[in-house]
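Enquirer: Each chain, letter by letter, is given below.
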Amino acid sequence: MYCNQRPEKPGVKKGMLEKINNMARANSLWVTAYGTGCGAIELRPLGTSRFDMERFGIAMRPTPRQADVLIISGYLATKTLKRVIRVYEQIQDPKYIIALGSCTINGGMYFDSYNTLNVLDKYLPVDVYVMGCMPRPEAVIDGFSLLMQKIKDGRAQGWKHYKENLDYYRENQKKIITDWDLPDYNW
Amino acid sequence: MIDKTKKELEIRFPLLKLVREMHNYLHVEVEKASAMDAILMAKTSLGFKTLQLISSVDRMEENLFQMTWILENYNNETTLLISARYPRENCIVPSLSDIWPAASAFEREIFEMFGISFPGNPREGEDFLLEGWKDIPPMRRDFLTEEYSMKLYGERQPREHLDPRQYIGDMVGEWNTPMGQKRKEEK
Amino acid sequence: MGAVIDPATDPKKTTHLYFGPQHPGVTGNMSIEMWFDGDQVTKAITHVGYLHRAFEKLMEKRLWIQNFPLVCRICVPEPDINEECYAMAIEELAGIEVPEKAKWIRTLVLELARFAVNLMAFGGQSGTLGLHTAGMWGITFRDFVLDLFEELTGARIYHIFIQPGGVRRDLPEGFEGRVEAVLKKIEERLPELDRLVLNNAIFKLRTQGVGIVKPEWIEEYGLVGPVARASGSTRDLRKDAPYEVYNQLEFDVVTETGNDIFARAMVRRREISQSMSLIRQILKKMPKNGPVATKLPNLTTWRVPAGEVYTRVESSRGEYGYYVVSDGSLTPRRIHVRGPSYVHAVPLLERMLVGANIADVSNIMVSLTTCPPEIER
Numbered sequence: 001m002y003c004n005q006r007p008e009k010p011g012v013k014k015g016m017l018e019k020i021n022n023m024a025r026a027n028s029l030w031v032t033a034y035g036t037g038c039g040a041i042e043l044r045p046l047g048t049s050r051f052d053m054e055r056f057g058i059a060m061r062p063t064p065r066q067a068d069v070l071i072i073s074g075y076l077a078t079k080t081l082k083r084v085i086r087v088y089e090q091i092q093d094p095k096y097i098i099a100l101g102s103c104t105i106n107g108g109m110y111f112d113s114y115n116t117l118n119v120l121d122k123y124l125p126v127d128v129y130v131m132g133c134m135p136r137p138e139a140v141i142d143g144f145s146l147l148m149q150k151i152k153d154g155r156a157q158g159w160k161h162y163k164e165n166l167d168y169y170r171e172n173q174k175k176i177i178t179d180w181d182l183p184d185y186n187w
Numbered sequence: 188m189i190d191k192t193k194k195e196l197e198i199r200f201p202l203l204k205l206v207r208e209m210h211n212y213l214h215v216e217v218e219k220a221s222a223m224d225a226i227l228m229a230k231t232s233l234g235f236k237t238l239q240l241i242s243s244v245d246r247m248e249e250n251l252f253q254m255t256w257i258l259e260n261y262n263n264e265t266t267l268l269i270s271a272r273y274p275r276e277n278c279i280v281p282s283l284s285d286i287w288p289a290a291s292a293f294e295r296e297i298f299e300m301f302g303i304s305f306p307g308n309p310r311e312g313e314d315f316l317l318e319g320w321k322d323i324p325p326m327r328r329d330f331l332t333e334e335y336s337m338k339l340y341g342e343r344q345p346r347e348h349l350d351p352r353q354y355i356g357d358m359v360g361e362w363n364t365p366m367g368q369k370r371k372e373e374k
Numbered sequence: 375m376g377a378v379i380d381p382a383t384d385p386k387k388t389t390h391l392y393f394g395p396q397h398p399g400v401t402g403n404m405s406i407e408m409w410f411d412g413d414q415v416t417k418a419i420t421h422v423g424y425l426h427r428a429f430e431k432l433m434e435k436r437l438w439i440q441n442f443p444l445v446c447r448i449c450v451p452e453p454d455i456n457e458e459c460y461a462m463a464i465e466e467l468a469g470i471e472v473p474e475k476a477k478w479i480r481t482l483v484l485e486l487a488r489f490a491v492n493l494m495a496f497g498g499q500s501g502t503l504g505l506h507t508a509g510m511w512g513i514t515f516r517d518f519v520l521d522l523f524e525e526l527t528g529a530r531i532y533h534i535f536i537q538p539g540g541v542r543r544d545l546p547e548g549f550e551g552r553v554e555a556v557l558k559k560i561e562e563r564l565p566e567l568d569r570l571v572l573n574n575a576i577f578k579l580r581t582q583g584v585g586i587v588k589p590e591w592i593e594e595y596g597l598v599g600p601v602a603r604a605s606g607s608t609r610d611l612r613k614d615a616p617y618e619v620y621n622q623l624e625f626d627v628v629t630e631t632g633n634d635i636f637a638r639a640m641v642r643r644r645e646i647s648q649s650m651s652l653i654r655q656i657l658k659k660m661p662k663n664g665p666v667a668t669k670l671p672n673l674t675t676w677r678v679p680a681g682e683v684y685t686r687v688e689s690s691r692g693e694y695g696y697y698v699v700s701d702g703s704l705t706p707r708r709i710h711v712r713g714p715s716y717v718h719a720v721p722l723l724e725r726m727l728v729g730a731n732i733a734d735v736s737n738i739m740v741s742l743t744t745c746p747p748e749i750e751r
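Chains as they are written, first to last, in our numbering: chain A, 1 to 187; chain B, 188 to 374; chain C, 375 to 751.
Honestly, the hints are just simulated from the structure, not real lab data. Treat the hints with care, as some may be off.
Under the rule of at most 20 Å between Cα atoms (straight-line distance), these lysine to any residue pairs were calculated in the SDA-like manner [claimed, not checked]:
#	chain 1	residue 1	chain 2	residue 2
1	B	K338	A	I177
2	B	K369	A	N106
3	B	K236	C	A615
4	C	K613	B	E264
5	A	K160	A	N172
6	A	K174	B	M337
7	C	K613	B	N262
8	A	K175	B	K321
9	B	K369	A	P94
10	B	K236	C	K588
11	C	K613	B	Y212
12	C	K435	B	R328
13	B	K236	C	E590
14	A	K174	B	E318
15	B	K321	A	T178
16	B	K338	C	K435
17	B	K321	A	I177
18	B	K191	C	A615
19	B	K338	A	R170
20	C	K435	B	Y335
21	A	K175	B	E318
Which chain C residues stay away from chain B? Per the calculated CB distances, all over 12 Å, these [what the hints assert, rightly or not]:
#	residue
22	K386
23	T388
24	I534
25	E554
26	L570
27	N737
Since we're looking at a predicted model, the values are computed, not measured. Built from N, CA and C at the ideal position, the CB exists for glycine as well.
Chain A extracted, bound-state conformation (with noise of 0.2 Å):
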């Protein structure tokens, strides 16, 4: 029913039960096993006993309709965007964001390349940035805390943000993408 139409606008949750919900999202993060960028070399090292990231419940899932958070860890190339997209897109809901590194913010020192994209905000909810070039693990892990507050207190709300203003960021993501050839609601 989603395939070739609009997405539903999601109704606001609000009680006890919404609570009790985001609790448990918040305690099993799975993320998509997906490295876009540089950043991916530092979350392997989470994987293991020294940083242990599943004390917290996250976990690597191959593939994206299994999991929660899609991580970009660093600069986004064009030519990856659309991708990144595809993939964003078959997350089932709730999802979210954590952008890693200084290039995702406000373009790092790849702001004059041709090839990446500047400010990730304009083409994605991004819900936590991490900050650094390339972030460390505890930097990383810190993100994936505050992510978790942030479900916990119902403001991890990036995805209903990108579901209610479709249109603002389908036009960014074609001014970029030229040979645009992906189904236009690909959930």
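For this one, chain A is given, so just place chains B and C on it according to the hints.
Expert: Okay, now just chains B and C, sitting in the frame of chain A:
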């Protein structure tokens, strides 16, 4: 070893210019008409059987493209660089992809980045690094990457605070986007 | 008469599949488009460019010294190789002498970097077969080496430590002892890793005789590093064209003749031991005192003399080359980076995959340790 190579090349190509000579390293520049002969001679009779790199330099001021083929002799570890200069308009360089299978990828990249055509390469024109590129080839000197980036991805935002702590966590990123406004309100 | 249909891509007989870029078996961010007849690959095309950051263009816009933060980002696991290659090119063009002690420190940094990557790659090879324990151990061991880097350079991944004419700083007090402690810790654990990987029946079955690189392809494609050395080549730049102080160290080039994935894993395993012995030798022979950097001119107005040079350094994946062209101005004219993955991941992989089994694709790919950032830069 390298003296012998130099001597034989000089006998065959009297117009050859010596660019740099080091221990086990020789860089020569030949006329564009004899570039292919020099490469084939290096491969067949001088023992430089391996192609390491095909590179090109945009010499816009002289209205030339300089092509460089880097060949390697694996038996005695000598490197031979052969350069030739081609006119910049509608630049056509013979392809080496039927001699070295690895040449095809290098030539595809140069075609994309400089617009230099290699007739004879069966895979010329296939997308390599870029996708849906419409502007002039990006590695040419007259392609201005900063202006292009500013036009397409927007200008870089100056910092509002100088305290890095202000940029950690929720309040990171650009705030002239809807998602940025939302994050600001939440804070 | 219709159009001629290539039997390798005949839609009636073959299945068309995309592998990556979002796939846990792909190294980094790249993808392979494949056609299958049954479960055998009939044709493969590598797609790269997902990480294209236009380094070569950006480097033309920045000062010579400003490019050091850029070059190290070309290869994520092993940034020092790029810094060394670029610094060597500048030194060659500008005629800068490197002090003796700086050469030793550089060699130490390069060897530590090779050591760290080989640990990760050796573990990662079995990770693709489901032996995640070995992968985890490899990364954990690498973390100890990254701690050493952090102490020496201040950063875990991107060090920006090597500069033209030397290195940024001397070794900290007592660094040798801490290196030795890390080596000892890893050395104690290595037999366990061996038992887990090399003596594992599943690993042997899945890797022996799979992913053959024929010895005649080495010269034809220009293969380098462990991929070539696992097929009988004895090429190692550290021995054949020594840079820095490698000519003062004792080591034998590691070669295997198996041609398959197992041989490549074996080369990496033996290079881990070789790196440990080299690091110990370096620490022993390193001069205690002396300058670690030459004084450079004012870097904001530094014009490197005009010229062209191609420098090469042996990385853990093979030979890294920088073709640097200067026209005597404040910025480089052109820098072309030739990463070892370029030929490994594009022409060689396309050829190797033909006839391979679908289950071995990711295994073959990881055995070449392709690093996409250095292909697309």
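Enquirer: Could you work out which of the previously given hints the structure breaks and list their numbers from low to high?
Expert: none
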